[in-house]
Amino acid sequence: AQKVTQAQTEISVVEKEDVTLDCVYETRDTTYYLFWYKQPPSGELVFLIRRNSFDEQNEISGRYSWNFQKSTSSFNFTITASQVVDSAVYFCALSEAIRGGTSYGKLTFGQGTILTVHP
Amino acid sequence: DSGVTQTPKHLITATGQRVTLRCSPRSGDLSVYWYQQSLDQGLQFLIQYYNGEERAKGNILERFSAQQFPDLHSELNLSSLELGDSALYFCASSVAPGTANTGELFFGEGSRLTVL
Numbered sequence: 001a002q003k004v005t006q007a008q009t010e011i012s013v014v015e016k017e018d019v020t021l022d023c024v025y026e027t028r029d030t031t032y033y034l035f036w037y038k039q040p041p042s043g044e045l046v047f048l049i050r051r052n053s054f055d056e057q058n059e060i061s062g063r064y065s066w067n068f069q070k071s072t073s074s075f076n077f078t079i080t081a082s083q084v085v086d087s088a089v090y091f092c093a094l095s096e097a098i099r100g101g102t103s104y105g106k107l108t109f110g111q112g113t114i115l116t117v118h119p
Numbered sequence: 120d121s122g123v124t125q126t127p128k129h130l131i132t133a134t135g136q137r138v139t140l141r142c143s144p145r146s147g148d149l150s151v152y153w154y155q156q157s158l159d160q161g162l163q164f165l166i167q168y169y170n171g172e173e174r175a176k177g178n179i180l181e182r183f184s185a186q187q188f189p190d191l192h193s194e195l196n197l198s199s200l201e202l203g204d205s206a207l208y209f210c211a212s213s214v215a216p217g218t219a220n221t222g223e224l225f226f227g228e229g230s231r232l233t234v235l
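One line per chain: the protein sequences are A and B, in this order.
Taking our numbering as reference, the numbering of the first sequence is continuous, increasing by one, and the terminal residue is 119.
Taking our numbering as reference, the numbering of the second sequence is continuous, increasing by one, and the terminal residue is 235.
Quick caveat, the hints were computed from the structure, so don't treat them as lab data.
Because the structure is a prediction, the values reported are computed rather than measured.
Any given hint might turn out to be false.
[Unchecked claim] Cross-link-like lysine to any residue pairs, in silico, SDA-like; alpha carbons within 20 Å at most:
| id | chain 1 | residue 1 | chain 2 | residue 2 |
| --- | --- | --- | --- | --- |
| 1 | A | Lys38 | A | Arg50 |
| 2 | A | Lys3 | A | Tyr25 |
| 3 | A | Lys3 | B | Thr124 |
| 4 | A | Lys3 | B | Gly177 |
| 5 | A | Lys38 | B | Ser121 |
| 6 | A | Lys3 | B | Ser121 |
| 7 | B | Lys128 | A | Pro40 |
| 8 | A | Lys70 | A | Glu56 |
| 9 | B | Lys176 | A | Phe109 |
| 10 | A | Lys38 | A | Thr20 |
| 11 | A | Lys38 | B | Ser157 |
| 12 | A | Lys3 | B | Ser157 |
| 13 | A | Lys3 | B | Gly122 |
| 14 | A | Lys3 | B | Glu228 |
| 15 | B | Lys128 | A | Val46 |
| 16 | A | Lys3 | B | Asp159 |
| 17 | B | Lys128 | A | Ser42 |
| 18 | B | Lys176 | A | Ala1 |
| 19 | A | Lys38 | B | Gly161 |
| 20 | A | Lys38 | B | Glu228 |
| 21 | A | Lys70 | A | Asn58 |
| 22 | A | Lys38 | B | Lys176 |
| 23 | A | Lys38 | B | Glu223 |
| 24 | B | Lys176 | A | Lys16 |
| 25 | A | Lys70 | A | Pro40 |
| 26 | A | Lys16 | A | Arg63 |
| 27 | A | Lys38 | B | Thr124 |
| 28 | B | Lys176 | A | Thr27 |
| 29 | A | Lys3 | A | Asn67 |
| 30 | B | Lys128 | A | Gly43 |
| 31 | A | Lys38 | B | Gln160 |
| 32 | A | Lys3 | B | Glu223 |
| 33 | A | Lys16 | A | Lys70 |
| 34 | A | Lys38 | B | Gly122 |
| 35 | A | Lys3 | B | Gln163 |
So here's chain A without its partners, still in its complex pose (with noise of 0.2 Å):
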């Protein structure tokens, strides 16, 4: 079965700070995607990244990285410099296939990290 443990449940840091999400997954598929959600006060979901299994090169966007690490089974997110704006819950996915490949809509979802950045 699937399965994404986010350790950290809340974190608290100061505005400018750096931090990194933690995520650690399981699967027993060879191909999988991974991804991060954030969800803003406002309720939505919103897409930060998707990655594939077979591609372990870590992606840098702006102020945000990610490092997956396959030989873990992490894939953690940093935010580099975080702003009030930050603040948010953040969620880690893993998504399988359906149908032998055909589909990798069905997502398990991490229990959350909530981070606050204080100004």
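Please arrange chain B on chain A, whose structure you already have, making use of the hints.
Quick look at chain B alone, frame taken from chain A:
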């Protein structure tokens, strides 16, 4: 704006009642997914439809049902409502499988259901 539209945004009803949540996927997306977010269960996959056919089922209660219509919009029907059904219900859509963006889900803003 993800392009996925959900109505209603908020709904308050009583136990035992039945409600219908509606979702319009992004233009061109054939797959629709329903997720439930509650305080005790977190975000859980309920069901997926692809071009009108049910594709995958998650932890969806028998009191809940869904369908996808020929115009690709989807409805989630919740009946015999209980207090524990209070949650945020998300709809998501994605492109056809096998395309470059397979697996990327776009979520609507959710329908918040409160059962009193």
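- [ ] State the violated hints by number, sorted upward, taking the hints as numbered earlier in the document.
- [x] As far as the earlier hints go, 3, 6, 13, 14, 22, 24, 25, 33 are violated by this structure, in ascending order.
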